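2 protein chains.
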Amino acid sequence: MHVLVIGAAGMVGRKLVARLAADGAIGGTPITRFSLVDVIAPEAPAGTETRAWAADLSSPGEAACMVGTRPDLIFHLAAIVSGEAEADFDKGYRINLDGTRLLFEAIRAEGIRQAPYAPRVVFTSSIATFGAPFPDPIPDAFHLTPLTSYGTQKAIGELLLADYSRRGIFDGIGIRLPTICIRPGAPNKAASGFFSSILREPLAGKEAVLPVPDTVMHWHASPRAAVGFLLHAATLDTAPLGARRNLTMPGLAATVAEQIEALRRVAGDKAVALIRPAPDETIARIVAGWPRRFDAGRAESLGFVAEKTFDEIIQVHIQDELGGRVP
Amino acid sequence: MHVLVIGAAGMVGRKLVARLAADGAIGGTPITRFSLVDVIAPEAPAGTETRAWAADLSSPGEAACMVGTRPDLIFHLAAIVSGEAEADFDKGYRINLDGTRLLFEAIRAEGIRQAPYAPRVVFTSSIATFGAPFPDPIPDAFHLTPLTSYGTQKAIGELLLADYSRRGIFDGIGIRLPTICIRPGAPNKAASGFFSSILREPLAGKEAVLPVPDTVMHWHASPRAAVGFLLHAATLDTAPLGARRNLTMPGLAATVAEQIEALRRVAGDKAVALIRPAPDETIARIVAGWPRRFDAGRAESLGFVAEKTFDEIIQVHIQDELGGRVP
Numbered sequence: 256m257h258v259l260v261i262g263a264a265g266m267v268g269r270k271l272v273a274r275l276a277a278d279g280a281i282g283g284t285p286i287t288r289f290s291l292v293d294v295i296a297p298e299a300p301a302g303t304e305t306r307a308w309a310a311d312l313s314s315p316g317e318a319a320c321m322v323g324t325r326p327d328l329i330f331h332l333a334a335i336v337s338g339e340a341e342a343d344f345d346k347g348y349r350i351n352l353d354g355t356r357l358l359f360e361a362i363r364a365e366g367i368r369q370a371p372y373a374p375r376v377v378f379t380s381s382i383a384t385f386g387a388p389f390p391d392p393i394p395d396a397f398h399l400t401p402l403t404s405y406g407t408q409k410a411i412g413e414l415l416l417a418d419y420s421r422r423g424i425f426d427g428i429g430i431r432l433p434t435i436c437i438r439p440g441a442p443n444k445a446a447s448g449f450f451s452s453i454l455r456e457p458l459a460g461k462e463a464v465l466p467v468p469d470t471v472m473h474w475h476a477s478p479r480a481a482v483g484f485l486l487h488a489a490t491l492d493t494a495p496l497g498a499r500r501n502l503t504m505p506g507l508a509a510t511v512a513e514q515i516e517a518l519r520r521v522a523g524d525k526a527v528a529l530i531r532p533a534p535d536e537t538i539a540r541i542v543a544g545w546p547r548r549f550d551a552g553r554a555e556s557l558g559f560v561a562e563k564t565f566d567e568i569i570q571v572h573i574q575d576e577l578g579g580r581v582p
Numbered sequence: 256m257h258v259l260v261i262g263a264a265g266m267v268g269r270k271l272v273a274r275l276a277a278d279g280a281i282g283g284t285p286i287t288r289f290s291l292v293d294v295i296a297p298e299a300p301a302g303t304e305t306r307a308w309a310a311d312l313s314s315p316g317e318a319a320c321m322v323g324t325r326p327d328l329i330f331h332l333a334a335i336v337s338g339e340a341e342a343d344f345d346k347g348y349r350i351n352l353d354g355t356r357l358l359f360e361a362i363r364a365e366g367i368r369q370a371p372y373a374p375r376v377v378f379t380s381s382i383a384t385f386g387a388p389f390p391d392p393i394p395d396a397f398h399l400t401p402l403t404s405y406g407t408q409k410a411i412g413e414l415l416l417a418d419y420s421r422r423g424i425f426d427g428i429g430i431r432l433p434t435i436c437i438r439p440g441a442p443n444k445a446a447s448g449f450f451s452s453i454l455r456e457p458l459a460g461k462e463a464v465l466p467v468p469d470t471v472m473h474w475h476a477s478p479r480a481a482v483g484f485l486l487h488a489a490t491l492d493t494a495p496l497g498a499r500r501n502l503t504m505p506g507l508a509a510t511v512a513e514q515i516e517a518l519r520r521v522a523g524d525k526a527v528a529l530i531r532p533a534p535d536e537t538i539a540r541i542v543a544g545w546p547r548r549f550d551a552g553r554a555e556s557l558g559f560v561a562e563k564t565f566d567e568i569i570q571v572h573i574q575d576e577l578g579g580r581v582p
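Chains A and B, in that order, give the protein sequences.
Note that the first sequence covers residues 256 to 582 in my numbering.
Note that the second sequence covers residues 256 to 582 in my numbering.
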């Protein structure tokens with residue numbers, strides 16, 4: 256099996272590629288070849304037959320180049336993130352909408368050039384496709400009313416994915432990821448950054464800032480769970496999906512207070528003491544428009560699995576990022 | 256006020272323009288100028304200052320030409336219809352998606368060229384944005400899972416409209432029209448054509464074919480009601496809409512049997528006898544995937560009004576198309 260990963264240098268993309276390379280197979284089928292693309296050249300995993308290169312999906316010819324070698328499985332993870340898509344209208348639409356459409360069109364063109372060709376396409380969507388006000392929990396059949404251009408672009412990607420799949424152009428599945436927690440790396444300026452940093456920084460012995468009340472509830476899954484969603488989506492029988500190709504992934508609804516108590520259980524009062532409340536009305540207002548809790552029953556019934564407690568989410572971080580030890 | 260109607264030569268477009276020209280004003284503001292566009296040149300209403308021309312919205316520069324004269328109110332009714340968009344993938348996406356986006360981008364460019372410019376944009380969407388299986392009735396917050404490329408393109412138009420409105424690029428409102436009944440003119444090959452022809456043809460003393468069981472239920476409004484929706488959308492205060500700019504219009508849920516009984520009350524047994532059952536499994540299967548009944552409470556609370564009985568819908572046809580008389 257030839258696997259193409261677009262967005263392979265991102266946080267989730269790197270973990271996905273590492274996992275695929277370690278497994279050497281997906282759904283029992285050996286992986287014979289990787290094509291890895293991102294705006295910066297991704298790293299080729301050791302001991303694999305890999306072509307890794309830098310490309311802008313929205314530039315003329317690039318999508319055709321990615322698809323021309325007829326990958327059997329395509330992970331489309333590439334996106335301009337929420338904040339940047341909001342700040343740069345043209346760039347967000349160019350990458351997130353045009354890029355996605357160019358990819359889908361390149362697959363269609365390849366199928367026309369030499370039939371049959373209808374690869375599995377796994378598309379990462381986001382809970383940012385939803386916008387307040389919400390019922391609690393948000394049901395699987397709730398409408399998409401995004402409050403950002405990023406969410407709009409992802410929702411459009413979902414619609415295109417469903418239509419191209421319905422027409423048999425490819426076999427697509429869209430997965431709406433929860434907020435990924437604990438996101439590794441340095442603190443960033445994303446409004447959602449604190450959900451990770453209030454755990455990640457204290458686990459590293461550093462101070463973290465909490466800009467919202469600890470009653471704020473949100474929907475989380477670990478990076479490892481996200482990779483699990485991608486792998487499951489890649490091998491799932493899509494027949495039971497019918498025409499509804501996009502799924503809200505399971506996650507864990509937790510308040511900030513519950514996150515903090517989990518940190519206390521795992522790393523003690525000393526870690527919790529490193530969290531410094533610093534109310535920020537702007538962030539609090541943004542977060543108030545975000546979803547809190549979903550009924551992800553449809554994805555669960557299809558076998559998608561997320562963490563059940565925040566203790567687990569913290570343990571995943573300690574195992575995968577901290578070598579199994581809290582310093 | 257300068258009014259631009261794109262799709263002005265279509266059935267609803269012509270009725271809208273005739274009504275606007277007859278009223279000479281909209282929401283109390285005199286109409287000083289019309290710009291009317293369609294793929295064939297629309298007719299200019301007598302006694303008005305009108306520029307009417309033929310243009311393809313998706314061709315380079317055409318959207319800028321339409322918007323460069325800074326209309327205050329834009330009705331975007333232009334679309335490739337469902338059957339053609341399904342048969343011709345490229346044409347459907349080019350007109351219905353690219354055309355809509357080019358229009359929205361032209362408005363944005365005009366606002367950048369000389370601010371402020373943020374016209375009211377009324378976009379006709381469709382109940383084809385919904386796809387089975389459905390709850391009954393379909394609530395306002397039900398997700399869009401279209402089962403045609405046309406429905407997909409309209410759903411994408413809705414998302415773009417909401418995002419451009421949220422950003423203040425224009426003041427948009429999308430209205431999901433019910434199936435228009437009684438559609439005037441000759442029978443066509445649309446799968447939905449029989450909903451109109453089983454009434455229109457007998458009212459004209461002609462035979463009509465009924466391809467489905469009379470238990471089939473569907474969601475209807477008259478052409479006059481559709482024009483009423485457009486006018487109301489053009490003048491409505493959009494503040495209560497918040498970020499949710501797209502609305503399922505009210506309609507009348509009726510079975511074919513109820514349609515036929517209304518015909519009997521209005522035009523007698525002689526008219527009903529002209530309906531010839533001729534079961535068509537293909538049409539029955541297509542129609543089975545269509546919505547039956549909506550809860551349009553949100554639009555109703557905003558003042559949108561449709562017919563309450565099929566007798567009314569038939570009377571509207573007799574008044575507007577048959578000079579008030581059943582031949």
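Source of the hints: derived by calculation from the structure; they are not laboratory data.
Note that the structure is predicted; figures quoted are calculated from it, not measured.
Even glycine gets a Cβ: it sits at the ideal position worked out from N, Cα and C.
Check before you lean on any hint, since a few could be wrong.
What the hints assert, rightly or not - Which chain A residues face chain B? A few, computed with CB under 8 Å, are given here:
#: 1; residue: Arg274
#: 2; residue: His398
#: 3; residue: Thr400
#: 4; residue: Ser404
#: 5; residue: Ala410
#: 6; residue: Arg421
#: 7; residue: Pro439
#: 8; residue: Met472
#: 9; residue: Asp492
#: 10; residue: Thr493
#: 11; residue: Leu496
#: 12; residue: Ala498
#: 13; residue: Val571
#: 14; residue: Ile573
Verification of the supplied hints:
With a cut of 8 Å, the hint placing arginine 274/A at the interface with chain B is violated, because the nearest CB-to-CB distance is about 31 Å. Look at histidine 398/A: its Cβ gets to within about 5 Å of chain B, closer than 8 Å, so that hint holds up. For threonine 400/A, the interface hint holds, since its Cβ comes within 8 Å of a Cβ in chain B; the closest pair sits about 5 Å apart. Among the interface hints, the one on serine 404/A holds; its C-beta lies about 5 Å from the nearest C-beta in chain B, closer than the 8 Å criterion.
With its C-beta approaching chain B no nearer than about 5 Å, alanine 410/A sits inside the 8 Å limit, and its interface hint holds. Using the Cβ-Cβ criterion of 8 Å, the hint placing arginine 421/A at the interface with chain B is satisfied: the shortest such distance is roughly 7 Å. For proline 439/A, the suggested interface contact is broken, since its CB lies about 31 Å from the closest CB of chain B, more than 8 Å. Interface hint at methionine 472/A: violated, since its Cβ lies 20 Å from the closest Cβ of chain B, which is beyond the 8 Å cut-off.
For aspartate 492/A, the interface hint is violated, the least distance from its beta-carbon to any beta-carbon of chain B being 19 Å, above 8 Å. For threonine 493/A, the shortest C-beta to C-beta distance to chain B is roughly 15 Å, which exceeds 8 Å, and the interface hint is violated. Taking 8 Å as the C-beta contact cut-off toward chain B, the hint placing leucine 496/A at the interface is violated, the least distance being around 11 Å. Nearest Cβ of chain B to the Cβ of alanine 498/A: about 6 Å, under the 8 Å cut. The hint holds.
The closest approach between the C-beta of valine 571/A and any C-beta of chain B is roughly 31 Å, which is over the 8 Å cut-off, so the hint fails. Taking 8 Å as the C-beta cut-off, the interface hint given for isoleucine 573/A is violated, the closest approach to chain B being about 38 Å.
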